[in-house]
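In this text, residue positions in the sequence shown follow the UniProt record's numbering: the first is 1, and each later residue adds one.
Read the hints as simulated data drawn from the structure, not as lab findings.
Keep in mind that this is a model prediction, so the values were computed, not measured.
Keep in mind that the hints are not guaranteed to be accurate.
What follows is a list of derived Cβ distance ranges for each label pair [said to hold, decoys possible]:
#1 N75 <-> A99: 28 to 38 Å
#2 G37 <-> A96: 25 to 35 Å
#3 R83 <-> R60: 11 to 21 Å
#4 R83 <-> A22: 26 to 36 Å
#5 A10 <-> G92: 17 to 27 Å
#6 D8 <-> G49: 13 to 23 Å
A virtual CB, placed ideally from N, CA and C, is assigned to each residue, including glycine.
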Amino acid sequence: MSDRPHPDLADLGLADVVRGFADPARLHMVRTMAALGECECSRVYADLGLSKSNASHHFRVLRESGILRRTQRGNQQYAALRRDELDERFPGLLDAIVANADA
């Protein structure tokens, strides 16, 4: 299993993290991962109808914003929210975003 580089949340400000939520497709992806936990990346974007390259862009933005962690196992990519780390750095932010993503 190999890990992609992930930013240290201590190095990110609130604006850096919130930028990752600033797209309806990414909000949907975050809500899906909040419900499923760690899962294959293809499962997250399949129901959105995103192309693989478009989904890769959104996953990269979410990763660089400190919102998710991507790992590779064999030839499968997995994604999971960095819930504990986000809650420690920005208490309640992720829950508020997920609860109000449709608002």
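List, from low to high, the hint numbers that the structure doesn't satisfy.
2, 4, 6
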